[in-house]
Amino acid sequence: MNYPSNKLLTSKIQEIRHEHLAQISAIHNPKIWSSVSENLEHVTVTIVIPSRGCSWALSESGGCSVCGYVNDSSRERDVPVDTIIRRFSDLLKGTNYSKKIEVQIFNSGSFFDEKDVSTELRSKIIGFITSIPEIFKLAVECRTEYILEEKNIIEETIKQLKGVILEIGIGLESSNDTILKDCWNKGTTLENYKKSVKILQTLGVKIKSYIFIKPPFLTERDAIRDTVLTISEVAQIGTDVISINPCNVQNGTLVNDLFRQNRYRPPWLWSVLHIIRAAAKIAPRTSIICDPTAGGKHRGAHNCGKCDKKVLPLLTKAINKEELPSDLSKICSCYNKWEIIITTPWEILRTRNISKLQRLSPLRE
Amino acid sequence: MAFEIKTMEGLGRLGMISMANSFETPSFLNIYLRDTSLLSTELKENILPKQSNELQYSLREANLLDCNKDNSQRSSENSYPTCFLYPSLQMQGKSLDEMTHIHDFFPKEYRKSLAKLDAYHLIPWDLPNIFLDHINEYLQVIQNLTERNIINRNLIVNLPFSRNLEEILQEFTSPSVGIVSLGDISSLLNHPTFLMKYIMVTKRKFSPEVMIYAPGVPSFYIPLLSYLGIDLFDFTFLTTFPKKEGNNAQVILEHGNISVDYVNTINRVRKALKISKLRDLTRVYANSYPPQKTILKIVDENLSLEQQASLYGAETLYCTDDSDFSRPEVSLFRDRVKNRYSVPSYTEGIIFLPCSARKPYSQSKSHTSFRNVIKRSLKSARHSVKEFILTSPLGVVPRNLEYTFPAAHYDIPVTGAWSVTERNLLAHDIEQLLAKCSDSTVLVGYVKGVEREVLKNVCREQNRKIHLIDENITSLTSKEGLFQFQMLLKEKFESLPRLRINNQLEFLRTICDYQFGKGTGNKLISDIVQIRGRKEIGLRVTLNGKHLLTFRKSTGLLTLSIEAAKRLHGHSANVVKFDGDSIRGSTIFANAIKEAHPEIRINDEVIIVNNQNEIIATGVAYLPGKLLVRMERGFGVKIRQKVK
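Each protein sequence line maps, in turn, to chains A and B. Just so you know, we're using the working numbering here: the first sequence kicks off at 5 and counts up by one. Just so you know, we're using the working numbering here: the second sequence kicks off at 21 and counts up by one.
These are computed hints drawn from the structure, not numbers from a lab. Any given hint might turn out to be false.
[Claimed, not checked] Covered stretches of chain A (in silico footprint by chain B; criterion: 3 or more residues with CB under 8 Å from a CB of chain B, positions within the stretch not fixed):
#1 106 to 113
#2 195 to 204
#3 219 to 225
#4 228 to 236
#5 345 to 354
All values reported here derive from a predicted model rather than from experimental measurement. Here a beta-carbon is modelled for each residue, glycine too, at the ideal position from N, C-alpha and C.
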């Protein structure tokens, strides 16, 4: 398929991607990452499998400007199918099958892409899932083009799953096509997302939409605007779950380059908090999840460094629609600073982080 | 919607923006943000959090309280020009390659206001291309889209900094916008070299009619940046102080960042520019902040003199610290004495004298007594002996140039102790002078202390014999000292030939050389001119009943008449070519000037010629030579006399 692209952006991302992948391929050892969490009703088992790697990231386009998950994939090596299944069964045994189990299988690419996840791996996983009756839900993720093109695979999978609920996560990131093209190099459009949602809804598949906070080249103010607009758009289109993902800077990406040049700052936690609260008002019927990767760290969404630990629990509170303190500036004075950054033209003219300037002012991060 | 320069000092300029109202620059910009208004009210309310009281205080302080409101809602603000900022192209859903007209950069609903000439509009930029080191392509698009017409003068283009900015902009001509904004300047304030590069490359690349805007700088940087030629500032730096009412004292002491201080600073800068004292004001601010001082030093060292020095400026010239010894006025004087002053061929002896507090030197008590001694002891032989005054920071001042700016206008703190810089500077100038006179010239020094030491050292190094008076005399003005001086003179200059020299003629010729170039004095002023008046008041020179020159005591320089211009034309660089045949009125505007020598300085006397290279008038340059040609508006040359 032919997607709109920004040539300059594509060539730069490609250069960075290839350089980094060549660098790490010698020492790289694909790992399986997993976690288990539990709430009142069910246990959630999350496993990130080292599949072949996202086809979009490995293609000539270079992939998305913020995504470095392809670094952890197998790429030209053999995918350790048996190890994955073994690890998977170990995890499930660990839960003792005491409650219902939700399984999340993420491959940081497309689950229905033949090149990424082979038919063998997919059928083995599905076979394993159907063999355990406690599993009631399977969550995977997929790019829009494979939903549009490989509709039959999805249909087949649904048949094989025999009543286990399937949830597909789609990375929309932004509803603004120009941002997808000029900031993201996402290689897809809002139109494709809408079509995919329609297809999946007719198939009875649950839809989770990933929405991003602060791609490169956007100011904090614009990033907030973009995310809020996207949430309102997505809620209208009819998604079941919205997952809000603040940017975290990953190695071998364009955003990492900018980050090192002091030209990119990950979003503030205040922004994340504000977006979650706004989402609750704009999309009251859609469930919202948000778990910032590397939250409070230098490379993830963070505030001044002093109040990060206090603000992160507030995010969970906001998601559960609990009451928040009315005056947030009492939690940390950096709230005032954030307010200024998003209400004034501070960032519009600047390409650089203002950290250098802070030496001139008594107000430090 | 036009910008013209009224006066300049260094690179700093006092200008005038004429829009619906007219504004004097350096000035601030009132900033307003314009978002696309196509949102539902529910979204609008939720998109940004409600403003807290503290934020509102900060915003009010930074003149940004209404920055999110639209034109109609704004309280009327007339003291500064207005500037609108728009959402970035991505937020508008556009890409750079889709642009076909400059209006495409702006949201549809605001395009109508672009045609009005009451505010400036920042062209929103397409970040991906710029970030990936393609500033040039971005500017190229803007350049292609802005035709040379007045409408585009209300646009602002933002120029991001990159280390190879000069390379990037090499093959690039400036788009016809009104303002160029140095967006990254606030991050570079602590990097003098980068900051200089950023400003200088921009100034070189963009036409002088384009104003330069430095967003988000603290108030204590405003004088320096004005001196470097930046015209517009804003208050946004104030928002980094989210303080409650009553700023804390330390902040004010260290940074002086309250809005009142911004306004005061800019008023000070304007006033200083009007009386040519901006350099002094800049030094006051720079002294308390090392990076600023560094920049001041870099400017003095690296910038060519024509660009910054005017021939004469303020009534007084204060040199209060080491960095002032290299200030452009001083450098210009030393440079001209070195290159344009020649010791007359009949000179048999040289007397070095100390400087005096009262200027010109010859009117001081000490110099009156020195001259009396010289006159008494040498009689008419004194004409073949030249007097030089040793001083800091001007070095060696020939007696004939003592009226000339800045020799009669400077002042320094005097303690008797000289710094190393001052000594080196003086030694260098003495060497230059000694190289100009023949080996047989007799050198006499009636100086003591440091000057004596320096003189002695230089002469020893140059293998020249110098006759100095005793070191132990209490004072140079004491009877004992003067007596020794008399004896010394009689002894050393006994056998000098008695000359008849017209002192006034030579005085005028020396100044003429200084002002118009070496050798012009003899060509312009022949022996048969009539001179009326006195040096202390002013001289009027006529030739065959026609007015030739006037010597002004206030500046110590000459003014030209048509008669003099005729004699001078072809020998001096001070020529401006007027695009036309004849002139009317009393001013030539910069747009009518076709050619001008780049060495012309502000306040230089110039000869005006027409297309056929005929002299049509004489006048005074308002702007340096380069700008006379490049500017398209504003005053160029003030006419003194026209050919009838």
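Per-stretch coverage check for the region 345 to 354 of chain A, three Cβ contacts closer than 8 Å to chain B = Holds, because 8 residues of the region 345 to 354 of chain A bring their Cβ atoms closer than 8 Å to Cβ atoms of chain B.
Check of the region 195 to 204 of chain A against chain B for coverage (Cβ-Cβ below 8 Å, three residues minimum) = With 0 residues close enough to chain B, the hint is violated.
Checking C-beta pairs, does the region 219 to 225 of chain A have three or more residues closer than 8 Å to chain B?
-> Holds, because 5 residues of the region 219 to 225 of chain A bring their Cβ atoms closer than 8 Å to Cβ atoms of chain B.
Cβ contact check, 8 Å cutoff: the region 228 to 236 of chain A against chain B, three residues minimum | holds (count 6)
Are there three or more residues in the region 106 to 113 of chain A whose C-beta lies within less than 8 Å of some C-beta in chain B?
-> That given contact is violated, which follows from only 0 residues of the region 106 to 113 of chain A lying within Cβ reach (below 8 Å) of chain B.
Violated hints for the displayed structure, listed by number in ascending order: 1 and 2.
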